Amino acid sequence: MSKAILYDATLCIDCKQCESACAQQNGLPYDDKVAAESVQSEHKFTVVLNNNDKYMRRLCQHCEHPACASVCPVGALHKTADGPVVYDVWKCLGCRYCMVACAFSVPKYEWGKLNPRVRKCTMCPDRLAAGKQTACAEICPVGATKFGDRDALVAEAQDRLRQNPSNYVPQIYGLKEVGGTSVLLLSSVPFQQFGLPNAERIGDTPLPEYTGRVMELMPDFIPLWALVLGGVYWVSNRRKEVAEVEAEERAMRGAK
Amino acid sequence: MTIMNIKVTFWRVVFAVIMLLGIYSTYVRYLHGLGAVSNMTDQFPWGIWIGFDCLCGVMLAAGGFCVTGAVYIFHVERLHCIVRPAILTAFLGYVLFIVGLLFDLGRPWYIWHMMVYQNFHSVMLEVGFCVMTYTTVLFLEFLPNVLERFNLQAPIRWVKKIYPVLVCLGILLSTLHQSSLGSLFLIFPEKMHPFWYTPAQPFFFFISAIICGLAMTIFESTLSARVFGRSLERSVIAELSGVLYVALWVMALLRLQDYVHRNVFMSIFKPSYEAYFLWLELILAFVIPLTMLSFKKVRTNPHLSYLAALSAILGFVTNRLNVAMTSMETWVGHHYVPKWTEVSISVMICAIGFFVFTLCAKYLPIFEDEHHAVPQYAHVGEPAGVPVSAHQPTLVH
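The listed protein sequences correspond, in order, to chains R and D. Mapping to our numbering: the first sequence position 24 is 24, numbers consecutive. Mapping to our numbering: the second sequence position 94 is 1094, numbers consecutive.
Since the hints were derived computationally from the structure, they do not count as laboratory data. From a predicted model like this one, the values you see are computed outputs, not experimental measurements. Certain hints may be false.
Claimed, not checked - Restraint ranges, calculated between C-beta atoms of paired labels, are given here:
{"#": "1", "chain 1": "R", "residue 1": "VAL228", "chain 2": "D", "residue 2": "MET1115", "range": "43 to 51 Å"}
{"#": "2", "chain 1": "D", "residue 1": "ASN1151", "chain 2": "R", "residue 2": "ARG239", "range": "43 to 51 Å"}
{"#": "3", "chain 1": "D", "residue 1": "VAL1008", "chain 2": "R", "residue 2": "PRO223", "range": "50 to 58 Å"}
{"#": "4", "chain 1": "D", "residue 1": "LEU1152", "chain 2": "R", "residue 2": "LEU114", "range": "39 to 47 Å"}
{"#": "5", "chain 1": "D", "residue 1": "THR1009", "chain 2": "R", "residue 2": "LYS113", "range": "38 to 46 Å"}
{"#": "6", "chain 1": "D", "residue 1": "VAL1260", "chain 2": "R", "residue 2": "VAL228", "range": "26 to 34 Å"}
{"#": "7", "chain 1": "D", "residue 1": "THR1009", "chain 2": "R", "residue 2": "GLY254", "range": "54 to 62 Å"}
{"#": "8", "chain 1": "D", "residue 1": "GLN1118", "chain 2": "R", "residue 2": "ASN167", "range": "46 to 54 Å"}
{"#": "9", "chain 1": "R", "residue 1": "VAL228", "chain 2": "D", "residue 2": "CYS1081", "range": "34 to 42 Å"}
As the list claims (entries may be wrong) - Calculated lysine-lysine pairs in the DSSO-like style (CA-CA distance at most 30 Å, straight line):
{"#": "10", "chain 1": "R", "residue 1": "LYS33", "chain 2": "D", "residue 2": "LYS1161"}
{"#": "11", "chain 1": "R", "residue 1": "LYS113", "chain 2": "D", "residue 2": "LYS1339"}
{"#": "12", "chain 1": "R", "residue 1": "LYS240", "chain 2": "D", "residue 2": "LYS1160"}
{"#": "13", "chain 1": "R", "residue 1": "LYS240", "chain 2": "D", "residue 2": "LYS1339"}
Unchecked claim - Here are some, though not all, of the chain D residues that point toward chain R, as calculated from beta-carbon distances under 8 Å:
{"#": "14", "residue": "GLY1033"}
{"#": "15", "residue": "LEU1034"}
{"#": "16", "residue": "ASN1039"}
{"#": "17", "residue": "ASP1042"}
{"#": "18", "residue": "GLN1043"}
{"#": "19", "residue": "PRO1045"}
{"#": "20", "residue": "TRP1046"}
{"#": "21", "residue": "TYR1110"}
{"#": "22", "residue": "HIS1113"}
{"#": "23", "residue": "MET1114"}
{"#": "24", "residue": "GLN1118"}
{"#": "25", "residue": "PRO1164"}
{"#": "26", "residue": "LEU1172"}
{"#": "27", "residue": "PRO1189"}
{"#": "28", "residue": "GLU1190"}
{"#": "29", "residue": "PRO1202"}
Backbone N, C-alpha and C define an ideal beta-carbon position, used for all residues, glycine too.
So here's chain R without its partners, still in its complex pose (with noise of 0.2 Å):
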């Protein structure tokens, strides 16, 4: 079963402690300046911002066809069955294509270092393994960020949307943005103001659909224009042989 992490704004209380709980999970660095800080970044994988009193969490939103796993050649980023988007850094080459395809611009890199890593939420993927929650859905002391089975919290979001339609936007934020998410965010403003892709301009389509639809021509493309430059070669060349047989008989003929 898929597990995801639903996300409610108008229950979070801007405490921070997801932020806190994450960074000590990850081995980073977390005081007041970071605190202060209000975007992700290669230290900060998760960020609770506040827009005129009005909140919202940004973290890897673990898409269930991720572009970034789909663009990396050397398969370093990839889905687990339980849902998260795990990096593997021995793989990684440092090519940055997954930054570049990210439709919300998640992975992060090490700019100043000489072997820069890419940095992003992991949805803690070794206390999934140990049966636990994330360590933000853990901390949070108001329920705002829940960890659960997708389904199980995709009708969770539909029931409170159904329940309290006043203090919504009618809109669970990844149940089908890029074909769905493993985060789903819920939002009393529209979620656009906190940076997060307008839903109709990024679409319902999973990313690597884009360019699936052009590699899967390969396998009859290549064969097929294999097949023409031998064929094309291969009258070209005979034509020149016939002429030059026709050349050598001419001046046999001219030579009698």
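With the hints as your guide, set chain D onto chain R.
Only chain D this time, still in chain R's reference frame:
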């Protein structure tokens, strides 16, 4: 003026300055990381090393597969005299592409991972594989030059035997990766400006590679004729210019059709940040060369077709830079301007390309008319190692 037995000329000083700046930037790159040397950020993870060195480098090296294809597959024997320079340009282009990649990759020491860990859904992997294989193919196609220089007949016969296979393979690989460079830009439709996001991108990248292959062949034949004081195959240049003219029209109509089909045609004329860059691209790539080449006088005059080809090249380079950078600036919300150190590395790589080309042209039988006479290799043993600057005569013109 001479310093330590090396004659000081304008172009040599330029070359030396470029190399010094480039070496300084290389030092910063490998000692302090990408952040210190470039203006790339988390918002703009790809800069000019991808946009120019990789995307444009591969496009400009396309002359190799175009010309070898025409000569060895279609048996257009008239073009035989430009095969070797075209192969040399392509080979250098691909080697320098790989050099550029070693600067750009965050962990270049793991580049071999591509051969060990593979994600076959990745366009990047396909490009990587094709480039690796095609560089090997180009090396083999280039090899006869070296073998002839040292008069090694047996391996020449061996390479000649597999030449048609090499050429076929070269075209196949080129088709794949030239178009796949365009496929790299399919997966983030939301980020790119509609001027440059099109599902036809792989196709456009392939056609523009052929056009630039032709344009580069005209450009480099004319330039090397001037630089090395060779006689120029006027009829060949005229023929290539004619093909370039037709190819540019085809591309222009395809672009127009694409814009009309996606309903962005009218917004081309509305002034905006993106529109200015699009205009620049369209004027350089289509308006100037198409206007020039429509006159027979231009097509039959190597000097003028050289200018038309140069304009087309600059236009398509602008196009790729637009695809890789301009198209995403609105989404990202800020502009990317490369740092001088970033530029200096790109310029250094180009300069090395020019330098090695002149060295090869001087010491290897690249140009066929020098074939018959015994070439002069007087400079080989000299410790200075720098040949008489090949760029020098361009000053005279």
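Hint by hint, which ones does this structure get wrong, listed from lowest number up? 1, 2, 9, 10, 13 and 16
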